[in-house]
Amino acid sequence: MKILSGLASVASYPADRVRLLAWHVQAYAALSGRALKGLVTRPFYARDTIVQLDSIGVGSLGIVFLTGLFTGMVLALQSAVEMERFGATIYIGRLVGASAVRELGPVLTALMVSGRAGSGIAAELGAMRVTEQIDALQTMGVDPVRKLVVPRFVACLIALPLLTIVTDIIAILGGLLISVVKLGLTPELYMRSVYESLAHNGFLLTFIPVDFVMGMVKPLFFGAIIALTACYYGMRTEGGTEGVGRAATGSVVASSILILATDYFLTQILIALLIE
Amino acid sequence: MTPIIELRGVRLAFGDRVVLNGIDLVVNERETVCVLGGSGAGKSTVLRLILGLIQPDEGEVLVRGRDMSSSSYANVLEMRRDMGMVFQGAALFDSLTVLDNVGFYLFEHTDLPESEIAERVAHLLEVVDLNPTEVMTLLPSELSGGMKKRVGVARALIHEPCILLYDEPTSGLDPITTRTIDELILKLQRDLGVTSMVVTHDLESAFRIADRLALLCEGDIVFEGTESEMREAADPYVREFLA
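Taken in order, these protein sequences are the chains called A and B. Once you know that position 77 of the first sequence is 77 in the numbering used here, the rest is easy, because the numbers rise by one and skip nothing. Once you know that position 127 of the second sequence is 1127 in the numbering used here, the rest is easy, because the numbers rise by one and skip nothing.
Keep in mind that a hint or two might mislead.
Short derived list, chain A residues pointing at chain B, Cβ under 7 Å [to be verified]:
id: 1; residue: THR41
id: 2; residue: ALA46
id: 3; residue: THR49
id: 4; residue: THR131
id: 5; residue: GLU132
id: 6; residue: ASP135
id: 7; residue: MET140
id: 8; residue: PRO144
id: 9; residue: VAL145
By construction, these hints were calculated from the structure, which means they are not laboratory data. Ideal placement from N, C-alpha and C gives every residue a C-beta, glycine not left out.
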């Protein structure tokens, strides 16, 4: 009998996992819906939003700067190895510009912010959950989604595109540094090559490069993913301090996977809409 | 006597674990009722149900005649304004000073000038026997356990609720601080006429402050009555609990 009930529980295991996953997807969607509603309805916590903008946006400038710099430098180094074989080192700017603005800028910025700010949000809200501070908010007639989630959501939506611009610029400058110092290109040649890569897919409204638009749409989605995933994990924390650690780790893992998967599908859609 | 809090046939289970098994409990106006029970008996769950933080599987939770379990979220938020809650660990907001913690409700829900809120906070800190000038600007991390509890009580009182709910108000405190917190609860009941429900496992403290006591055991209320009735009860669990 014991063996039979054991087998039955093993058989029901995948079904339980699927049911649990479906439940999480539903709860995540509900939180997203409430956060979106909070964007357009009162009360709006402007002061909390500014505090979060400072923490998520300004606070991430350092790592975003370093990410951009080393990414640009390594892109230039790697492409130089191949390009030198064909005597095409003057096109290094094209490679660096296109890679940074279209893909690496938005994705790496999002991953870094997820690791730094996302984990912080999950841990902070998780600690508030296990010490009953979120319950305290509710007992005082304050909706925790509006007070805690919406300001972080808005801050990420604003900060991610701006941080991505910083990463893009620094990456291009990092490439410039290597191209000039190590490969002997002139700055003008490198920058012209970067411009050509950005102009390659045309312009929107005659002056905004399509590649730049692609690179700016993605951070909006990535910002939403980072904030909502971190808040979701934080608000659902249980199990004391151990639970807080689990929430922070889970939030970074989940948002990183979501960012990479969303990047693929968004790229497909944006290529279809803007280039093809 | 007007009933202020009524639990009628409340049943709640988390998965297979039955926490409350169809309990009935009434707290009348200006009364202090202590809910006793061992760890994990579902005492704090009772408070969470009254606050509408969780919903029962069956039964009704009435606060001043309105059902918390079937009201809309907006109504629940409004009904919570009648209640003040003192949390087990005080649940003070880490990033806010004592002034901002105690005045939180007024900062959130009123347009009162900061100076007036500060005045009210100072008055309440005096009510809970704290020196306003000393503690107003401190962060929760700079307070002792007993001070945190007092600030928690002051925060629960700021919007002048008619119901006060206490979750283990004396847990983790030394006997002297426990006694002063008990005296504070009695003082608030006497001076402000609030209706109180106190969840505790501290018998001595419960006997000091309660008008009536209810003992929870495995999801059921096995005893409800006064201290003297409890001492004379024949129920084996009550006898064991008193021993």
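So, against the hints stated earlier in the document, which numbers end up violated here? 1, 2, 3, 8, 9
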